[in-house]
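For reference, the chains in residue letters:
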Amino acid sequence: MRSVMFRFHVCAGEIFELKAELNSDKKEKKKEAVKKVIASMTVGKDVSALFPDVVNCMQTDNLELKKLVYLYLMNYAKSQPDMAIMAVNTFVKDCEDPNPLIRALAVRTMGCIRVDKITEYLCEPLRKCLKDEDPYVRKTAAVCVAKLHDINAQLVEDQGFLDTLKDLISDSNPMVVANAVAALSEIAESHPNSNLLDLNPQSINKLLTALNECTEWGQIFILDCLANYTPRDDRESQSICERVTPRLSHANSAVVLSAVKVLMKFMEMLPKDLDYYGTLLKKLAPPLVTLLSAEPELQYVALRNINLIVQKRPEILKHEMKVFFVKYNDPIYVKLEKLDIMIRLASQANIAQVLAELKEYATEVDVDFVRKAVRAIGRCAIKVEQSAERCVSTLLDLIQTKVNYVVQEAIVVIKDIFRKYPNKYESVIATLCENLDSLDEPEARAAMIWIVGEYAERIDNADELLESFLEGFHDESTQVQLQLLTAIVKLFLKKPTETQELVQQVLSLATQDSDNPDLRDRGYIYWRLLSTDPVAAKEVVLAEKPLISEETDLIEPTLLEELICHIGTLASVYHKPPSAFVEGSRGVMHKRLPAQGTECPDVGNAAGGSAPEAAPSIIPSQGDLLGDLLNLDLPAVLLPLFNTNCSSYGILYPQVWLPAMKAKGLEISGTFARRAGVIQMELVLTNKAMSVMTDFAIQFNRNSFGLAPAGPLQVLTPLGPNQTIEVSLPLSTVGPVMKMDPLNNLQRQVFLATWKDIPNDNESQFQIQDCHLNSASNKLQGSNIFTIAKRTVEGQDMLYMSIKLSNGIWVLAELKVQAGNPNYTISLKCRAPEVSQCVFQCYEAVLKN
Amino acid sequence: MIGGLFIYNHKGEVLISRVYRDDIGRNAVDAFRVNVIHARQQVRSPVTNIARTSFFHVKRSNIWLAAVTKQNVNAAMVFEFLYKMCDVMTAYFGKISEENIKNNFVLIYELLDEILDFGYPQNSETGALKTFITQTGIKSQSKEEQSQITSQVTGQIGWRREGIKYRRNELFLDVLESVNLLMSPQGQVLSAHVSGRVVMKSYLSGMPECKFGMNDKIVIDKQGKGGEGATGQSIAIDDCTFHQCVRLSKFDAERSISFIPPDGECELMRYRTTKDIILPFRVIPLVREVGRTKLEVKVVIKSNFKPSLLAQKIEVRIPTPLNTSGVQVICMKGKAKYKASENAIVWKIKRMAGMKESQISAEIELLPTNDKKKWARPPISMNFEVPFAPSGLKVRYLKVFEPKLNYSDHDVIKWVRYIGRSGIYETRC
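Residue numbers (the working numbering), protein chains in the order written: chain A, 5 to 853; chain B, 106 to 534.
Excised from the complex, chain A in its bound form (with noise of 0.2 Å):
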């Protein structure tokens, strides 16, 4: 506040002059004026005192003043609306102007004034423009529409805009039609549903036609509206495609990749063995490489895009390797991009090109780009293994250098490469051990550990060098302490006689002397097997571990189709999907590739820009992999688990608990059925992620029927990419029951209306037999069916119970006991009449049980 009057203060003096200024009748002097409020507005300070004087002057011929008083009137008007109002006249006036080029500025500058009472006035001028003689005041009434439905959508429609704009798509201009063509791709935007743009063969052919007359942005537009639709068949598919070719030689960067985005997209639809295809793919590689030889900014979005492009479809630019070698001045961006994209070109036969450039950018200067490069020798060792031998020669050479950071990030892959090729390079130990004492950070010493606890056996002085990180166990991380505790166990059971002291300290240093959960836990677990069963401990210690995957950080494909649909936007700039950072509902319609086949009427539905999904879709990247299964809707699922009969309701149909987007690419179907007595789940698990998932396990939250597994998930085998598994996992309801005491039971009064309430044929009467009970009611009360009344008459006991199934449905009861009498009578009434039988047996089983 302080500071707002201060400058106030400054600029009095100076407000009063300008005023002066603007009231002046010399045309020169007025202009300077304005000129200079438009300074002052510039750096922030605040002018809008001069409102009034400003306006004033909008009433010229002057065109230069008019375009100054303009810009003004854009950035003051929204904070003074009644005045703003004074000038809705000229602008009004200026719509009528004979020269195109003032009507043009008139409509422009209204649409950006966004004043309610303005807009009522601009319909009139805007409906006259959209009509214009002139195509330049049509072009510019064409974006003015999406201006006013940014601030009133509702009016745009009400008004017909929407249908004017339309047309203009067939406009004799290409400008124009480009225009209108951007505004109506805005406004469906925002309207995922309306089918505003309503692109069919006639459009498209109008559109692909406009395409080669417009400007370098025009065609932006189009190709970007283009990318939206979806062909009816690979033949219209491949027509399009071939008259979109051409633009890959526009020198327009932003021209060449939207055309990419309609050809990636489109030729999901071609047969792979058409010719076509083939050819396609080979005009596509040239321009991509061409845009390496655009400004860095731009080779940077190129970059980014190749990324996607190359996981899409590899076979693009196989062979262009060499342009992505890394130039010396390149800026940093460029430079961490190129070599992202040359691991994933990497192949057995310029593999050995790759690494000399390897090692090469290993002795540069920034210490990222080197860590990165590095990291990629790895990589390639991992991923191509004829190489691998060579790659480890390398990384050995380069911690010769004895460069800290790169020692350390070769220690750290090298660790992944002895994963992936167990007994094979274990000779270079030696030369490992060396660097132990430059060793500073967390991943590099846990590697490190992990090397020296599973290699144990071939290191003889193994326990002194795990001994020697013993020392600051409680200063290191909680990686390393976890590594170092686990290496010691591995280390104890390959030479126990020797470190039987080691252990013993490092246990309880992980278990007394640690305030970390995790690590106290794992103590204990060794401590306890152990301790049992030394043989059973080294079964799971030492057991044989799966190799790791080939290709790590690709992106997944879900999300990858996603971003090909977004090629040359930001979307593709961050590997992020649209609802990642952009605000509210504009531009976050989940968009997806057309499937190969067609004539899919779904596929066809989904074009024009209609969302498929109306929630987007986003795999989380980090967070819990399983989501909360018992969050979702089970107990509706649970009903025909009353039924002791299987065939009367038959199994549920299994349902998708878990979509892959949730749980990275994971998919979890299921339903629960009863077999042989047995509740049973029967889940379907399918991989939809690149990688091979291992180590299933399953927990149940607490839940209301006390369902817990009776025995582990059998997964035995790893469930690899596109593969499906059907597992059915047995359950007992002897688990922690979760109680819902004031869920079930009703008021007295309520019971009494609902009773009446429910028409007397939903009542069924049953016996329950040989039932030797004293207290029904609390036996009862344990399986969450609560007694609501109770009154004696003629010596039977009247129980008045209601139960609530967790899908919502009442049932109530009336059991009559007589004393002495084993058998007990009990009427249910319920709106849905056929759980009755379940509900009875449930009496009967909780009764007699």
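Simulated from the structure, these hints should not be mistaken for laboratory data.
One or more of the hints may lead you astray.
Simulated pairs of lysine to any residue, SDA-like, Cα-Cα distance not exceeding 25 Å [claimed, not checked]:
(1) A/Lys287 to B/Lys355
(2) A/Lys39 to A/Met87
(3) B/Lys444 to A/Lys23
(4) A/Lys808 to A/Asn764
(5) A/Lys210 to B/Arg352
(6) A/Lys40 to B/Arg131
(7) A/Lys71 to A/Ile19
(8) A/Lys30 to B/Leu281
(9) B/Lys444 to A/Tyr332
(10) B/Lys164 to A/Gly48
(11) A/Lys326 to B/Leu281
(12) A/Lys135 to B/Pro492
(13) A/Lys39 to B/Leu281
(14) A/Lys760 to A/Thr791
(15) B/Lys499 to B/Ile524
(16) A/Lys40 to B/Gly318
(17) A/Lys23 to B/Glu215
(18) A/Lys286 to B/Ile524
(19) A/Lys30 to A/Asn60
Listed next, the stretches of chain A that the computed footprint assigns to chain B, with coverage defined by at least 3 CB atoms under 8 Å from CB atoms of chain B [what the hints assert, rightly or not]:
(20) 257-267
(21) 700-710
Heads up, the beta-carbon is just placed ideally off N, CA and C, and yes, glycines get one too.
For this one, chain A is given, so just place chain B on it according to the hints.
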């Protein structure tokens, strides 16, 4: 689309700020200053996301241009637009400097209003813009003139106006190539490519139809039909891109380059070749470490083109370690100097004919350091200019047709010039 456009000086003060969209507030101006211009480390990406707002920036000398958006815009388009914006400004007032921007801020606002509408780029061809954005105030335009302007700005041939007349119809073609090379110390070519540009300066009357022909392998093979060894002179072009005046669909179908050129200068095409490149110079380095405090460097350069041609402005840059204390240089030709501020020995030769050889040797004294890190040995780089096209590209013809005016192809005076320059021409040592 683009939500706003800001121009800053090197201190981060705003020189120009134009907001197109309501979702961009004044705070965006400050966010970019604080997070990018004033950031301590080097800028790691030309696209920055700050609080869900994306900033695209380019730098020209010490001026920052930043485009801001909150939507998923076409990123390539934004950068292309920023470059175009720089071109337009340069065409209007010369170098992009703080002073020029401050002096022309009214003009810049006017341009920004015209070439960007609601964040959508509009016609940004300087030729067209200059017809109606002038800083001379209002010109009394006749109705015909006005409609001519608007039809040009929106029309199919937005880059040329009608009714241009010259007494002498003349055109100049410059084939400008830059040769890029990365060579291993053993003389193996790691990568080499030529990126070339054909720049055309035309002073032609009316609306001339032009057709450009060069020794493109695909075209020659098609015409030659196995005759007369024409293939020897043709070159394989990896890829080419054209000025927007060239009819791309015609190129795609027939591989012929036809267009109506803009008046004055334009970059007709860009191309890239990687096969059969004539490397004008070969650099042979020899670096020997003598103990820990001395380096011996010997570099030989060989020119590899016709003896009758002369290369110019030759400069060889030999990097030296950071701990260099002194350098002694001996060279046979030209001048060589150790430049401590650039950590390099710079050897300059004014002229050198083809098929010659020259040599430099240097002794570099080093200060002893305890720095464990080895010297990275940056590559030896080279600059030069040669009067031929290293890709082998030859202009075969440029035909001009103007059906309405009575001048024929023969009356046009045509000039062709070839210049080959070094791009990134490096040899590792």
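- [ ] Sort out which numbered hints this structure fails and list those numbers smallest first.
- [x] 3, 8, 12, 13, 16, 18 and 21
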